[in-house]
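> Line by line, the protein sequences are chains A and B.
Under UniProt numbering, the first sequence has 93 at position 93, and the numbering climbs by one with no breaks.
Under UniProt numbering, the second sequence has 217 at position 217, and the numbering climbs by one with no breaks.
Keep in mind that the hints are not guaranteed to be accurate.
To be verified - Listed next, the in silico PhoX-like pairs over lysine-lysine satisfying Cα-Cα at most 25 Å (straight line):
id, chain 1, residue 1, chain 2, residue 2
1, B, 133, A, 83
2, B, 153, A, 83
3, A, 76, B, 127
4, A, 66, B, 127
5, B, 188, A, 358
6, A, 65, B, 118
7, B, 103, A, 121
8, A, 242, A, 165
9, A, 66, A, 138
Note that these hints are calculated values from the structure, not bench results.
Given next are the chains, with one letter for each unit.
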Amino acid sequence: MFKTTADLLIKSHPLRVVQGRFFAAAVAEPKSEDRLQSFRTFEADPSKHNTNHQSQFYKVDSTDKKVLFQYGGLPKSFQIQAKTFNETCLMVRDPSIQIINHLKTIDYTQPPIKFVLYGKKGCGKTLTLAHIMHYAYKNDFLIVHVPWVGNWMRRCKDTSNSETKPGFIDLNIDAAAWLVHFKTQNANILENPELKTTIDIQWNKRECTPIGSSLLELIDQGINRIRFASNCVNYLAEEVKKLSQSGLCRTLLAIDGFNAFFYPNTRVFTEKKEMVPPSRVTLTEGFLNLTKFDWKNSVIVVTVDEIAIAEKDQISHYPRYLLGKSGFEHLDPFLPVEVKDYSEKEHQSIMDYYRERKWIHSYPGQNDELYFLSGGNPFRLMNLCNAL
Amino acid sequence: MCATKVLFSRCFAVSKLNTPILSYIQQNSMSVYPNYYIEPIYRKETQQELVKTGEISKYSHIPTKATLNGQTCSDSYDPVIALFTNYVMRQGLKALAREQMDKCFENIKRLQLEKYHKCTTEEEKLKIELDPKKVFHEAINNSKPLLQLTGVKRGGVRYQVPMPITDRRSEFIAMNWLVDAGKEKDRKVRFAMQLARELVDASNNTGKVVKRKQDLHRQCEANKAFAHYRWS
Numbered sequence: 001m002f003k004t005t006a007d008l009l010i011k012s013h014p015l016r017v018v019q020g021r022f023f024a025a026a027v028a029e030p031k032s033e034d035r036l037q038s039f040r041t042f043e044a045d046p047s048k049h050n051t052n053h054q055s056q057f058y059k060v061d062s063t064d065k066k067v068l069f070q071y072g073g074l075p076k077s078f079q080i081q082a083k084t085f086n087e088t089c090l091m092v093r094d095p096s097i098q099i100i101n102h103l104k105t106i107d108y109t110q111p112p113i114k115f116v117l118y119g120k121k122g123c124g125k126t127l128t129l130a131h132i133m134h135y136a137y138k139n140d141f142l143i144v145h146v147p148w149v150g151n152w153m154r155r156c157k158d159t160s161n162s163e164t165k166p167g168f169i170d171l172n173i174d175a176a177a178w179l180v181h182f183k184t185q186n187a188n189i190l191e192n193p194e195l196k197t198t199i200d201i202q203w204n205k206r207e208c209t210p211i212g213s214s215l216l217e218l219i220d221q222g223i224n225r226i227r228f229a230s231n232c233v234n235y236l237a238e239e240v241k242k243l244s245q246s247g248l249c250r251t252l253l254a255i256d257g258f259n260a261f262f263y264p265n266t267r268v269f270t271e272k273k274e275m276v277p278p279s280r281v282t283l284t285e286g287f288l289n290l291t292k293f294d295w296k297n298s299v300i301v302v303t304v305d306e307i308a309i310a311e312k313d314q315i316s317h318y319p320r321y322l323l324g325k326s327g328f329e330h331l332d333p334f335l336p337v338e339v340k341d342y343s344e345k346e347h348q349s350i351m352d353y354y355r356e357r358k359w360i361h362s363y364p365g366q367n368d369e370l371y372f373l374s375g376g377n378p379f380r381l382m383n384l385c386n387a388l
Numbered sequence: 001m002c003a004t005k006v007l008f009s010r011c012f013a014v015s016k017l018n019t020p021i022l023s024y025i026q027q028n029s030m031s032v033y034p035n036y037y038i039e040p041i042y043r044k045e046t047q048q049e050l051v052k053t054g055e056i057s058k059y060s061h062i063p064t065k066a067t068l069n070g071q072t073c074s075d076s077y078d079p080v081i082a083l084f085t086n087y088v089m090r091q092g093l094k095a096l097a098r099e100q101m102d103k104c105f106e107n108i109k110r111l112q113l114e115k116y117h118k119c120t121t122e123e124e125k126l127k128i129e130l131d132p133k134k135v136f137h138e139a140i141n142n143s144k145p146l147l148q149l150t151g152v153k154r155g156g157v158r159y160q161v162p163m164p165i166t167d168r169r170s171e172f173i174a175m176n177w178l179v180d181a182g183k184e185k186d187r188k189v190r191f192a193m194q195l196a197r198e199l200v201d202a203s204n205n206t207g208k209v210v211k212r213k214q215d216l217h218r219q220c221e222a223n224k225a226f227a228h229y230r231w232s
């Protein structure tokens with residue numbers, strides 16, 4: 001595995017550099033008319049994005065947005081901006097182009113490659129993931145997407161003791177909500193009649209999902225009988241694995257805030273008010289199962305984020321610290337991809353975009369001042385621009 | 001006895017010595033700076049102008065007060081907004097006041113942009129002011145009263161007498177009215193949101209504050225008969 005990923009990096013790397021250089025030479029003397037529109041690209045299909053589109057904005061189709069991000073997946077502050085700007089635009093940035101290029105070239109008969117997005121707070125990890133998911137959606141991947149693991153571990157809706165596994169805790173309402181999310185994201189693919197369950201699932205004495213029933217039935221069972229939702233998620237994970245293994249679908253596993261699965265302190269409590277570590281939450285099992293190497297025809301993109309853990313432990317943004325020993329060993333080997341602060345070109349681009357959307361009103365020296373104040377951090381820049 | 005006498009005389013001497021300093025402190029009230037300290041010149045343009053005219057040498061050796069932490073040379077700085085922030089401030093919580101003002105401007109932009117995107121024709125779009133600072137200045141201009149009423153006692157009766165008003169005072173009243181209007185709201189609405197709505201309304205010459213101004217003017221008109229109490 002390690003060999004393949006390393007090979008892949010070496011193969012793709014020189015190509016990327018050459019393209020980058022060529023592009024740098026091309027933009028050295030932009031025409032005055034072009035410059036106004038240079039922050040925007042009309043290439044709305046993410047599978048055609050390459051380094052030429054770097055730091056440009058592309059518009060996400062509203063129908064795509066509705067399918068992909070109806071039940072979460074975009075940060076709240078970004079959603080508010082999108083509503084105000086009357087459109088949803090994502091910036092084509094380096095990490096997403098890199099990963100999309102890899103997704104195009106990797107060998108899907110091998111075990112999945114794991115990409116770990118990391119970076120400081122407010123750098124755009126979630127939006128990078130959104131861009132990759134948009135690519136996957138356009139290329140008919142089965143998307144297994146967890147919008148924010150922190151919602152389960154740090155602010156779960158309800159808890160109950162697991163009926164099947166003693167000592168485990170179910171988060172049934174959250175699990176059912178996730179099933180709805182999964183169903184809407186993959187509505188097209190799930191209509192495929194070949195996606196069938198491979199084992200008999202006995203829920204209780206009377207209810208069972210027989211072998212060969214469609215995946216939709218399994219999901220509906222989880223949504224309608226909320227008591228079984230957590231188990232349903234785990235079964236679904238297993239089924240998705242088997243289906244990808246057999247080549248019926250190609251899967252993208254996208255998990256935001258993956259490190260919350262390994263952070264020992266959660267806000268999930270038992271009836272006796274004892275804290276439950278993530279390893280004893282039923283949902284964890286299914287997703288850790290999906291991040292193993294024992295399947296193929298899939299690719300894994302996860303983010304590690306400081307915000308997913310308690311504030312007092314937000315010391316470093318590097319994967320080794322955030323995942324801890326057990327988490328690091330679980331994922332290893334993986335490809336770390338850093339999401340960086342804005343470069344000067346990206347900063348210029350977003351300032352032009354804000355101006356075009358009439359969000360800020362320019363004064364001389366505004367770009368430099370804001371770049372200095374924000375330190376290139378996208379979230380901080382957004383907050384600074386709010387009052388201008 | 002002798003000891004007390006010595007002590008007394010010493011105290012007297014000290015108090016005698018201190019008198020000029022004491023009077024000096026009283027003159028300057030609570031300020032940390034002696035009264036010969038001048039206000040800082042923190043705007044780049046003013047400094048450059050002084051350099052051009054050569055007046056900068058005059059200031060070079062005069063002791064100067066430190067710049068306040070809100071005063072910057074950034075182009076986004078506006079003295080009127082800084083003043084308004086101070087009026088919004090309660091209990092010295094300046095950071096909170098500034099945050100509220102920032103949120104208020106954000107809300108103004110969101111309100112106006114929402115209207116902007118709803119418009120179908122270009123002409124309607126042009127009519128909507130999207131710059132929150134312009135909205136703010138327009139709102140203050142529109143809510144400045146031209147007269148004020150002052151109580152004057154004549155023959156045991158207190159008359160409300162219309163008086164002319166200075167620009168400074170009228171600006172103060174307008175700003176305070178706006179802050180009051182921002183606070184007059186439902187419990188669930190935030191101050192920043194309500195203030196934003198009031199500012200937008202006032203900039204369009206409608207809303208609570210403009211009505212209050214018109215009410216005052218009407219009252220002044222009604223009490224026109226008492227105007228001579230101003231001087232007699």
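> Are the hints correct? Go through all of them and say.
So, going through the hints one by one against the coordinates:
no., hint, verdict
1, 133/B x 83/A, "22 Å, holds"
2, 153/B x 83/A, "58 Å, violated"
3, 76/A x 127/B, "31 Å, violated"
4, 66/A x 127/B, "33 Å, violated"
5, 188/B x 358/A, "29 Å, violated"
6, 65/A x 118/B, "21 Å, holds"
7, 103/B x 121/A, "22 Å, holds"
8, 242/A x 165/A, "23 Å, holds"
9, 66/A x 138/A, "14 Å, holds"
Hints 2, 3, 4 and 5 from the list above are not met by this structure, while the remaining hints are.
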